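Protein chains in written order, with my numbering: chain A, 1 to 196; chain B, 1001 to 1160.
Don't read these hints as lab results, they were simulated from the structure. These figures come from a predicted structure and were not determined experimentally. Hints may contain errors.
[What the hints assert, rightly or not] Rough simulated footprint, nothing fancy, chain B against chain A, three-plus residues with beta-carbon under 8 angstroms:
{"id": "1", "segment": "96-103"}
{"id": "2", "segment": "152-166"}
[What the hints assert, rightly or not] Think about it this way: if two alpha-carbon atoms lie no more than 25 angstroms apart in a straight line, the pair counts; the simulated SDA-like pairs of lysine to any residue are:
{"id": "3", "chain 1": "B", "residue 1": "Lys1072", "chain 2": "A", "residue 2": "Glu33"}
{"id": "4", "chain 1": "B", "residue 1": "Lys1100", "chain 2": "A", "residue 2": "Asp74"}
{"id": "5", "chain 1": "A", "residue 1": "Lys48", "chain 2": "B", "residue 2": "Phe1107"}
{"id": "6", "chain 1": "B", "residue 1": "Lys1020", "chain 2": "A", "residue 2": "Asp53"}
{"id": "7", "chain 1": "A", "residue 1": "Lys48", "chain 2": "B", "residue 2": "Ile1114"}
{"id": "8", "chain 1": "B", "residue 1": "Lys1020", "chain 2": "A", "residue 2": "Asp49"}
{"id": "9", "chain 1": "B", "residue 1": "Lys1020", "chain 2": "A", "residue 2": "Arg70"}
{"id": "10", "chain 1": "A", "residue 1": "Lys58", "chain 2": "B", "residue 2": "Lys1020"}
{"id": "11", "chain 1": "B", "residue 1": "Lys1020", "chain 2": "A", "residue 2": "Gly40"}
{"id": "12", "chain 1": "A", "residue 1": "Lys48", "chain 2": "B", "residue 2": "Lys1072"}
{"id": "13", "chain 1": "B", "residue 1": "Lys1119", "chain 2": "A", "residue 2": "Asp49"}
{"id": "14", "chain 1": "A", "residue 1": "Lys58", "chain 2": "B", "residue 2": "Gly1040"}
{"id": "15", "chain 1": "B", "residue 1": "Lys1020", "chain 2": "A", "residue 2": "Cys47"}
{"id": "16", "chain 1": "A", "residue 1": "Lys48", "chain 2": "A", "residue 2": "Lys58"}
{"id": "17", "chain 1": "A", "residue 1": "Lys48", "chain 2": "B", "residue 2": "His1021"}
{"id": "18", "chain 1": "B", "residue 1": "Lys1081", "chain 2": "A", "residue 2": "Gly104"}
{"id": "19", "chain 1": "B", "residue 1": "Lys1119", "chain 2": "A", "residue 2": "Thr44"}
{"id": "20", "chain 1": "B", "residue 1": "Lys1119", "chain 2": "A", "residue 2": "Ser125"}
{"id": "21", "chain 1": "B", "residue 1": "Lys1020", "chain 2": "A", "residue 2": "Gln45"}
{"id": "22", "chain 1": "B", "residue 1": "Lys1055", "chain 2": "A", "residue 2": "Ser125"}
{"id": "23", "chain 1": "A", "residue 1": "Lys96", "chain 2": "A", "residue 2": "Asp86"}
{"id": "24", "chain 1": "A", "residue 1": "Lys62", "chain 2": "B", "residue 2": "Lys1020"}
{"id": "25", "chain 1": "A", "residue 1": "Lys48", "chain 2": "B", "residue 2": "Lys1119"}
{"id": "26", "chain 1": "B", "residue 1": "Lys1100", "chain 2": "A", "residue 2": "Lys62"}
{"id": "27", "chain 1": "A", "residue 1": "Lys48", "chain 2": "B", "residue 2": "Gln1158"}
{"id": "28", "chain 1": "B", "residue 1": "Lys1081", "chain 2": "A", "residue 2": "Ala77"}
{"id": "29", "chain 1": "B", "residue 1": "Lys1081", "chain 2": "B", "residue 2": "Phe1107"}
{"id": "30", "chain 1": "B", "residue 1": "Lys1152", "chain 2": "B", "residue 2": "Leu1086"}
Heads up, the beta-carbon is just placed ideally off N, CA and C, and yes, glycines get one too.
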Amino acid sequence: MSRQGNRGTEGKKMLWYLPFISPSASMHLMNSELFTLTYGALVTQLCKDYENDEEVNKQLDKMGYNMGVRLIEDFLARSSVGRCHDFRETADVIAKVAFKMYLGITPSVTNWSPAGDEFSLILESNPLVDFVELPDNHNGLIYSNLLCGVLRGALEMVQMAVDVKFAQDTLRGDNVTEIRMKFIKRIEENIPVGDE
Amino acid sequence: MADESLFEFLHMEIVAYVYKHQSGDNNDQERGNALSTLEGLGFRVGQGLIERFTKDTPTFKDDLDAVKFLCKDLWINLFRKQIDNLRTNHQGTYVLQDNKFSLLSQFSNSKQYIEEAPKYLVYTCGMVRGALSNLGIDSVVTAEVSVMPACKFQVVIQRA
């Protein structure tokens, strides 16, 4: 049994690195069909309850927000990312760690605005829309709007106010799904936020 | 591949939404509506899921085989574990016992909050009923909780 010297990494905390999602993390992975089908049933129920698509979009965003404020804790507990220093790091963590951990996909981060406060996440495939087709009378429905709420809620809990919107959606005929995220401001006070 | 916690959070939000939307007066009738909405959601999802999971499996010899499939393969796919205990009276009633039901495990380890537990079980009851219905078995599924996170699902097969 050889003892290997562990140099320097014990006392020093690595503030910025991307944790490798190991195969043993698959004990957390489940069949995404349950999630996809449940989400579909939810959207159907919402469309039945509310007359217009705008209301449904708003409800999805609200529900996503409530999920996001809880998901961020689960995320931070299970990944070991430290505090992000700027918005670019945040974007990378969201795309490479968070999406991979929760949905098993890795969107790409592109289209940075010149000021560095806006970027796009391009999803080649969106697990939420696996068996879905939008009927003709629901043109205004943003089916995956839950994702926007989740991102918004999660980032608000780490003191970042962001605006999240869908720029392209495969359900509406575009080639890829594009989520546009814009940094609004840093939230300074740590007041507890109630659920909406 | 999605993460388990995603489904748990989504399920929590769905229950909260259905209750907020349905119950105006918070009397028994409204609560009944909310429960049946949730059960209906689960029913449709269960039907879809069982179709996907049994694409390549041969047909079941009898009801007991179908319920056993539910306890083993379906439960593993949904909750990453099997049903811990299956009891039957061989006359159409089955009791499926799960000692650590994942949707309840974050709730409590005892009798605290036990009145809230049924809300979180009814969606799964719907899934079980939907799964059985697409296997050609009509049933009524109820759930009971005595000590969390263990719960029992009771399936009563309806003979036409």
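Cross-check of the supplied hints:
Proximity of the segment 96-103 of chain A to chain B, defined as three or more residues with a beta carbon under 8 angstroms from a beta carbon of that chain, is established by the 3 residues found. Counting residues of the segment 152-166 of chain A whose C-beta lies closer than 8 angstroms to any C-beta of chain B gives 0; at least three are required, and the coverage claim is violated. Note on lysine 1072 (chain B) and glutamate 33 (chain A): the hinted pairing holds, with a Cα-Cα distance of about 17 angstroms set against a maximum of 25 angstroms. Between lysine 1100 (chain B) and aspartate 74 (chain A) the alpha-carbon distance is near 20 angstroms, which keeps this suggested pair within the 25 angstroms criterion.
Proximity of lysine 48 (chain A) to phenylalanine 1107 (chain B) is assessed by CA-CA distance (about 30 angstroms); at most 25 angstroms being required, the pair is judged violated. As the CA atoms of lysine 1020 (chain B) and aspartate 53 (chain A) are separated by approximately 19 angstroms, the hinted pair is consistent with the 25 angstroms bound. The straight-line distance between the Cα atoms of lysine 48 (chain A) and isoleucine 1114 (chain B) is roughly 31 angstroms, outside the 25 angstroms bound, and the hint therefore fails. About 12 angstroms separates the Cα atoms of lysine 1020 (chain B) and aspartate 49 (chain A), which keeps this hinted pair within 25 angstroms; it holds.
Pair hint lysine 1020 (chain B) plus arginine 70 (chain A) holds up; C-alpha atoms about 19 angstroms apart against a cutoff of 25 angstroms. At roughly 15 angstroms between alpha-carbon atoms, lysine 58 (chain A) and lysine 1020 (chain B) fall within 25 angstroms of each other, so this suggested pair holds. Among the hinted pairs, lysine 1020 (chain B) with glycine 40 (chain A) is consistent with the structure: their alpha-carbon atoms are about 20 angstroms apart, no more than 25 angstroms. For the hint linking lysine 48 (chain A) to lysine 1072 (chain B), the alpha-carbon distance of about 34 angstroms lies beyond 25 angstroms, and the restraint is violated.
Between lysine 1119 (chain B) and aspartate 49 (chain A), the direct Cα distance comes to roughly 20 angstroms. Compliance with the 25 angstroms bound is thereby established for this hinted pair. At roughly 23 angstroms between alpha-carbon atoms, lysine 58 (chain A) and glycine 1040 (chain B) fall within 25 angstroms of each other, so this suggested pair holds. Restraint check for lysine 1020 (chain B) and cysteine 47 (chain A): the C-alpha separation of about 16 angstroms stays at or below 25 angstroms, so the hint holds. The straight-line distance between the Cα atoms of lysine 48 (chain A) and lysine 58 (chain A) is roughly 15 angstroms, inside the 25 angstroms bound, and the hint therefore holds.
Between lysine 48 (chain A) and histidine 1021 (chain B) the CA atoms are separated by roughly 12 angstroms; this keeps the pair inside 25 angstroms, and the hint holds. Taken as a hint, the lysine 1081 (chain B) and glycine 104 (chain A) pair is honoured in the structure, with Cα atoms around 21 angstroms apart against an allowance of 25 angstroms. About 20 angstroms separates the Cα atoms of lysine 1119 (chain B) and threonine 44 (chain A), which keeps this hinted pair within 25 angstroms; it holds. This hinted pair does not check out: lysine 1119 (chain B) and serine 125 (chain A) have alpha carbons roughly 33 angstroms apart, beyond 25 angstroms.
The suggested pairing of lysine 1020 (chain B) with glutamine 45 (chain A) holds, with an alpha-carbon distance near 14 angstroms, which does not exceed 25 angstroms. Between lysine 1055 (chain B) and serine 125 (chain A) the CA atoms are separated by roughly 24 angstroms; this keeps the pair inside 25 angstroms, and the hint holds. As the CA atoms of lysine 96 (chain A) and aspartate 86 (chain A) are separated by approximately 16 angstroms, the hinted pair is consistent with the 25 angstroms bound. Distance check on the hinted pair: lysine 62 (chain A) and lysine 1020 (chain B) sit about 13 angstroms apart at the alpha-carbon level, within 25 angstroms; holds.
Among the hinted pairs, lysine 48 (chain A) with lysine 1119 (chain B) is consistent with the structure: their alpha-carbon atoms are about 21 angstroms apart, no more than 25 angstroms. For the proposed pair lysine 1100 (chain B) and lysine 62 (chain A), the alpha carbon gap of about 30 angstroms is over 25 angstroms, so the pair is violated. For the suggested pair lysine 48 (chain A) and glutamine 1158 (chain B), the alpha carbons sit about 30 angstroms apart, so the restraint of at most 25 angstroms is broken. A distance of roughly 23 angstroms separates the Cα atoms of lysine 1081 (chain B) and alanine 77 (chain A); the hinted pair therefore holds under the 25 angstroms criterion.
Simply put, lysine 1081 (chain B) and phenylalanine 1107 (chain B) have alpha-carbon atoms about 18 angstroms apart, close enough for the 25 angstroms limit, and the pair holds. Simply put, lysine 1152 (chain B) and leucine 1086 (chain B) have alpha-carbon atoms about 9 angstroms apart, close enough for the 25 angstroms limit, and the pair holds.
Checked against the numbered hints given earlier, this structure breaks hints 2, 5, 7, 12, 20, 26, 27; the rest are met.
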